[in-house]
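Trainee: For chain D, the structure is supplied; the task is to place chain L on it using the hints.
So the sequence lines, in the order shown, correspond to chains D and L.
Anchor point for the first sequence: position 72 equals 72 in our numbering, and the numbering is continuous, going up by one each time.
Every number in our numbering is 1000 more than the matching position in the second sequence, counting from 1.
Mixed in with the good hints, there may be bad ones.
[As the list claims (entries may be wrong)] According to the in silico footprint, chain D covers these stretches of chain L (three or more CB under 8 Å from chain D):
| id | segment |
| --- | --- |
| 1 | 1136-1148 |
| 2 | 1172-1183 |
| 3 | 1186-1194 |
[Stated by the list, open to error] Label pairs and their in silico Cβ distance ranges:
| id | chain 1 | residue 1 | chain 2 | residue 2 | range |
| --- | --- | --- | --- | --- | --- |
| 4 | D | Pro-127 | L | Glu-1128 | 27 to 35 Å |
| 5 | D | Ile-59 | L | Pro-1183 | 24 to 32 Å |
| 6 | L | Glu-1207 | D | Gly-67 | 55 to 63 Å |
| 7 | L | Arg-1118 | D | Met-1 | 53 to 61 Å |
| 8 | D | Glu-38 | L | Asn-1194 | 16 to 24 Å |
| 9 | L | Ile-1125 | D | Gly-115 | 20 to 28 Å |
Keep in mind the hints are simulated off the structure, nothing from the lab.
Note that CB positions come from ideal geometry on N, CA and C, so glycine has one too.
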Amino acid sequence: MPYPIEIILNRQLADCLAIPVFITDTTGNLLFYNEPAEEILGERYEDTGEMPVEKWSTIFKSKDESGQLLDPEELPLVKTLNNQLPYFKTFWIESLRGKSEKISVSSYPIIGRTGVFMGAVAIFWRPSDE
Amino acid sequence: MKITLWGVRGSIPTSTPETKMYGGNTSCVQIESDDTLLILDAGTGIQHIHFNDNLSHRRIDILLTHLHNDHIQGLGFFKPLFNQDAEVHIWGPASQTQTLRARLGRYFAPPFSPIYFREFSCKLILHEISNESFDIGSINVMANFILHPGPTFGFRVMAEGKVFAYIPDHEPALGSKGLIENPDWLSGSQIVKNADLLLHDAQFTAEEYAAKQGWGHCSMEDALKYASILNVQHLLLAHHDPDRTDSELDRLYHHLKESQTSDMPFAMAVEGSEIIL
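Just chain D, same shape as in the assembly (with noise of 0.2 Å):
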């Protein structure tokens, strides 16, 4: 199914960034993410394609300070899927090989001129980044 500009320019945008970008569909199924995403999910965008969400939320595991679970429901970017608005935290994240690296994320929502719900962006920030 082909995707709406909105998506399509978002996509062309986070080619362009040195900061890793991950684009979802409104179930949070991963479309998209760019080069310096590969690296926290370990995974070549041209391998792997689109990522339906049960396989790409499992690659790596949200984590408090204290190194407790997360519950995903307070994860910015389901928070975005759930409410349509944009959201911000900093947490760990534990990639499948043990590798723990405090994160923060920002993530809004794709909204289009029609009103219509598209979709989410997840940006990561290192903290050395921010």
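Mentor: This is chain L only, laid out in the frame that chain D set:
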């Protein structure tokens, strides 16, 4: 479906002898099928469309891809707008901030125009459209927003089992990697896919485009690639740059033909030409 190209020049009309063969009027295409008449865009080419006093087509539908000047400049000179027996429907992109009437009204008012919008004496009906399909008489039209500065449509016109895709202003290669060779990630793909005929923006050469990214237009090379990815049967390159002479267009056509990698037929759009689909 009969298609007549009344304006294929981009940005600003030209009237030099050097541009006479391909034509100097800006975007306007007439479509006729059975008793239905559509006009796509109201650039200066619309001045070629004449009706007798009795208006063989009482209802006229004008579909505007967008409101840039080269697509509406001829509107104020379209005689049926001043004929109280005519019924004119103008279709244009919806906006979240202003109505279509308010936006067109900014142009049809002093100091830009001596004529106010309210002075059109025909029965005038405005339609604000979004991503949608609709029927006008025997013709079905699909409108989709495409990549170009400001709300801009591509139109997929379907009649008599044929498809004409119309995207005169389009920058599908906008971004660091240019055209993405996956139809799902190509702006306007729903409009264009498998069309019998596509009229598409080709204002720049690839070299010129490198210096004009973000201006909202397409290179000839990208237009060919885009049409080929979307399995277009015939392509017309249009929105010719106002500085491009006839001889330059001829030269560029031959150059493109020599380097073309697909066997899709294509041509440079010529003002005044008629095509039967």
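Trainee: So, for every hint listed, does it hold in this structure?
Mentor: Status of each hint after checking the structure:
1. 1136-1148: It holds: at least three residues are needed, and the segment 1136-1148 of chain L offers 3 whose Cβ sits within less than 8 Å of chain D.
2. 1172-1183: Since 6 is at least three, the answer is holds.
3. 1186-1194: It holds, with 4 qualifying residues against the three required.
4. Pro-127/D to Glu-1128/L: 27 to 35 Å: Distance hint for Pro-127/D, Glu-1128/L is violated at roughly 47 Å.
5. Ile-59/D to Pro-1183/L: 24 to 32 Å: holds, 28 Å
6. Glu-1207/L to Gly-67/D: 55 to 63 Å: With Cβ atoms ~56 Å apart, the hint holds.
7. Arg-1118/L to Met-1/D: 53 to 61 Å: violated, 43 Å
8. Glu-38/D to Asn-1194/L: 16 to 24 Å: At roughly 34 Å between Cβ atoms, Asn-1194/L and Glu-38/D fall outside 16 to 24 Å, so the hint is violated.
9. Ile-1125/L to Gly-115/D: 20 to 28 Å: At roughly 24 Å between Cβ atoms, Gly-115/D and Ile-1125/L fall inside 20 to 28 Å, so the hint holds.
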